[in-house]
Amino acid sequence: MKTAKFITKQMIKMFLLLLAVSIVAFALMTASPVDPLQANVGQTALGSMSPEQIQKLEEYWGVGQPPVQRYMAWLKDFIRGDMGVSLLYRQDVTKVIAVKLANSLFLMIIAWVMSGLLGFILGALAGMNRGKLIDKVVRGYCLLISSTPAFWIAMLFLIIFGVWLKILPIGLSVPIGVEASGVTFLDRVYHAILPAFTLSITGISNIAMHTREKMIDICESDYMLFAKARGESTWEIFKNHGFRNVLAPAMTLQFASISEIFGGSVLVEQVFSYPGLGQAAVSAGLGSDMPLLMAITMISALLVFGGNLIANLLYGVIDPRIRRGGAVR
Amino acid sequence: MKAFAKKQKTGLTLKKSGWNQRQRLLFWLIAAVLFLMAVCIGGMFLDEAAKTTDFSRKNIAPCLAYPFGTDWLGRNMFARTIRGLSISIVIGISAAAVSAVLAFILGVVSATMGKAADTMVTWFIDLVMGIPHMLLLILVCVACGRGLKGVILGVALTHWTSLARLIRGEVLQLKEQQYIKMARKLGKSNLYIAMKHMAPHLFPQFVVGLILLFPHAILHESGITFLGFGLSNEQPAIGIILSEAMKYMITGKWWLALFPGLMLVLTVVCFYAIGENLRKLVDPASAHK
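Going down the list, the protein sequences come from chains A and L.
Residue 203 in my numbering sits at position 203 of the first sequence, and the numbers go up by one each step.
Residue 38 in my numbering sits at position 38 of the second sequence, and the numbers go up by one each step.
Because the hints were derived from the structure by calculation, they are not lab data.
Please note: incorrect hints may appear among the correct ones.
Claimed, not checked - Computed cross-link-like contacts, PhoX-like style, restricted to lysine-lysine with a CA-CA straight-line distance of at most 20 Å:
| id | chain 1 | residue 1 | chain 2 | residue 2 |
| --- | --- | --- | --- | --- |
| 1 | A | K95 | A | K76 |
| 2 | A | K13 | L | K115 |
| 3 | L | K115 | A | K9 |
| 4 | L | K196 | L | K185 |
| 5 | L | K175 | L | K115 |
| 6 | L | K196 | A | K136 |
Unchecked claim - Each pair of labels, with its calculated beta carbon distance range:
| id | chain 1 | residue 1 | chain 2 | residue 2 | range |
| --- | --- | --- | --- | --- | --- |
| 7 | A | M11 | L | W72 | 32 to 40 Å |
| 8 | L | D283 | A | E220 | 37 to 45 Å |
| 9 | A | Y190 | L | H201 | 49 to 57 Å |
| 10 | L | L262 | A | T30 | 37 to 45 Å |
| 11 | L | A116 | A | Y223 | 56 to 64 Å |
| 12 | L | A117 | A | Y190 | 29 to 37 Å |
| 13 | L | D283 | A | K228 | 23 to 31 Å |
| 14 | L | F45 | A | T30 | 39 to 47 Å |
| 15 | A | K76 | L | W72 | 30 to 38 Å |
| 16 | L | I41 | A | S233 | 39 to 47 Å |
| 17 | A | F226 | L | D283 | 27 to 35 Å |
| 18 | A | G81 | L | V282 | 49 to 57 Å |
| 19 | L | L26 | A | T30 | 44 to 52 Å |
| 20 | A | M11 | L | I105 | 47 to 55 Å |
Cβ coordinates follow ideal geometry from the N, Cα and C atoms, glycine included.
All chains, please: the whole structure from these sequences, using the hints.
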């Protein structure tokens, strides 16, 4: 009963936030001084057009209507599942997004799982062996990674594996010059290796550092001392006392990191020219393609809020102390 | 016994260097500050050198005369990198400063102005955190029509959330402290309590939080300029340099990407070092370890 109430409450909150996100995004885009006609058609082409043609184009890009009216129209369509027509791709946004999202999700899920697992293991190892060599290595690695821009690491990998060693492809999600039906699953994996790897290793530092801190706290607790005094081995201590206690915060953090992974994927996709959501967001932003950018914002916000919701729910499953209390934060 | 031996060993190494923990922290702090200042000042003087093109020396791999090599227009990559870094640092610092002020005000408001204000501010924090940083940055840059203003505003608007949360939590905790309550019972005014009792506690945390915002700000700034939303090509911020290097990378000109990136990493590490060391120095609990 309480869980149901908790979920409905969270859902309402999420819905309101999504609405606010759409308003903010819409307002920001309306505030843009970039004239979509100038940006996409070009000054010279505009000069050679007749006034009727320009009027038609203005209608196409939605110039001149009051923003509130446009927002209401957009919202009505969006709720019905119609996200409008992408101005750059000249296709339904739903179709564009479906393709891009599939590409991106493939990449992001691999990276998310990999970075979560690796980060958790490294963090736990470092925390259990505080002050030893492995702790220092993990800490140094995390500091280095968190001060390195993801796109630069991507560029380095591109040089090393793509240009010098020539064992991995330089970009795109499928081989060039092959029909869409001829692309096998292996091809896709092969092309996603580098972007996914880059995203994974850059996502580790946050979760590893956090897990390490928690692990150190746990190791200093009385029940740990008692476990040691009883003569449990290091593995037993970790399995019986450390694992569960450190898992809950790590889970929350990992689900909250979806936003970071998405941000990283924008940059990494750009470097590898991987046709995913991030790359679409960049071209939509540069070309003032409003419907597409709006849709991407909404989808990514949905992913982030969904992640937070799952984290809140999972917390109760893992931690029996708050299972009854319902809300966490 | 083992622990004792270890202690002796560290004692010996301490004696050897002649410095204690605090002095070493201070040393690294000053070194990092000096490095950043050198980059900033160097950037001012290297403006001309960064722009001069010379086709007689294009595409030179790193050597003694040109430690970072030259690019396809014969520009000195070392000068360009330093100049670009100095631009990026200035943008990062101003964005982080704006962001920190915003965070401070909102954090304090949320903690002291009652429940309605608190709900509002936490809701805003949730809202900003709900849009991925990179996407919000793109949106703000689009709203400002690209360029310097958009980058600074975008980074400032996306980075205040965590610091605001920290300050809010800190003030809420302080309000419950015995000595604050006692001061209130003794009839001290709100202003007096804020200045005498809260500020000394909050200020160091705020400064450290501010400095630890810089690295994020610079990384996001370089990211957004890399994507092409930031500055024009005439202002070679580090992101622009790297995105230009992208185009020439396939032809094997690795130095165009490697050295500017390395310098960027070094800069960010310096900011982290300053922040962390400062925190250890001002935090009474770890100051005398």
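Checklist entry - What hints, given by number in increasing order, does this structure fail? => result 6, 7, 8, 11, 12, 15, 16, 20
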